[in-house]
Amino acid sequence: MEWKQKDRERYQEAKEYVDTIFIPLLGIDDIASNQAQDWLEQADAIQVISKEIERHYTGRVFLYPTYTYHVKCDYQLEVNRLNNWIENLKNEHFKHVFFLSFDPQWKLNEKDLNGQLLWITAPSINEREKEDALKVLHHQAKLLSDLIRTYWKNS
Amino acid sequence: MSGKKQPVSRRQFLNYTLTGVGGFMAAGMLAPMVRFAIDPVLQASSGGDLKAVAQVDELTTEPQRFDWTIDQVDAWYESEVTKSAWVYKTDNDEIMALSPVCKHLGCVVNWQGDPDHPEQFFCPCHDGRYYKDGVNVPNTPPNAALDVFEHEVREGTLYLGNAKPRGEF
Ligand code: FES
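Heads up: the sequence lines are chains B and C, in that order.
According to this note's numbering, the first sequence holds residues 1 to 155 in order.
According to this note's numbering, the second sequence holds residues 156 to 324 in order.
In case anyone wonders, no lab produced these hints; they're calculated from the structure.
Some chain C residues near chain B, calculated using beta-carbon distances under 7 Å: (1) Leu-260; (2) Cys-262; (3) Pro-279; (4) His-281.
Simulated DEER-style distance windows between Cβ atoms: (5) C/Thr-216 / B/Asp-74: 54 to 60 Å; (6) B/Asp-30 / C/Glu-307: 50 to 56 Å; (7) C/Val-290 / B/Lys-153: 21 to 27 Å; (8) C/Ile-225 / B/Arg-8: 22 to 28 Å.
Think of the CB as a built atom: it goes at the ideal place given N, C-alpha and C, for glycine as much as any other residue.
Let the hints inform the model, and build the full structure from the sequences given.
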């Protein structure tokens with residue numbers, strides 16, 4: 001399920017089955033900067049992967065909107081804000097929290113995050129080779145889905 | 156004039172080989188997953204809601220997963236949505252195309268997804284199970300059988316339409 005009107009009712013009816021929060025983390029930069037292309041590719045990739053994971057696990061995972069931050073932020077502050085978010089989003093049913101990111105800065109701050117960070121290196125994708133890119137992204141989504149399942153199993 | 160051939164520099168050589176190996180590995184990993192991207196012939200839709208998803212001669216009695224995409228209007232946006240089906244031939248040589256969408260809360264089920272129940276479909280979300288014919292295993296969360304896709308075979312190609320609940324056929 002995701003943060004959409006159609007899923008609110010669905011969630012109400014099934015909340016005891018939905019025990020996992022999923023939040024993608026996305027950095028943005030000045031569009032004129034030299035790195036903008038990297039962040040733009042990551043924006044597309046994170047969207048495709050998150051949606052695909054939501055499709056696999058729609059009855060158990062709740063996908064929240066992507067948390068967006070500026071890449072020159074103070075990550076320690078962002079960690080605090082995120083933990084605050086989680087504090088307020090969690091209810092008695094949510095037992096697992098996952099974040100998805102390509103940004104190594106989160107990896108460095110992982111231990112302070114109140115949830116599991118799924119960190120993967122960014123695939124280099126190109127809009128003009130959409131079908132190839134989709135193959136790669138769907139494969140990554142599949143691997144991450146399997147990883148999430150191992151967390152479920154061990155809890 | 157020197158009849159010397161253009162030498163391939165060491166760097167070019169490395170580049171060629173590495174791209175080759177990488178590409179080959181990627182193809183091996185991905186080939187079974189995303190057929191629609193590999194065989195563009197299969198993409199040509201046949202009018203109506205039917206989509207070409209597989210060649211009949213690649214079907215076996217073992218369920219295989221085929222993926223394809225459709226355009227869907229989702230709230231305000233039109234977007235591309237991935238669809239999948241588990242397809243196999245029954246003992247009577249009939250084609251069975253099952254929707255992978257769990258009848259409990261909609262997760263995607265996998266054939267042989269649980270090592271303890273090798274001849275069943277398994278839903279990883281709440282351990283729902285289905286027999287090979289798609290009927291739900293009693294005392295697991297789903298309370299209905301997997302939907303079945305309408306299908307049609309034309310010139311050796313399998314086309315799938317909408318998935319419908321049992322009893323609507
Ligand atoms: S969604 Fe399949 S068992 Fe709950």
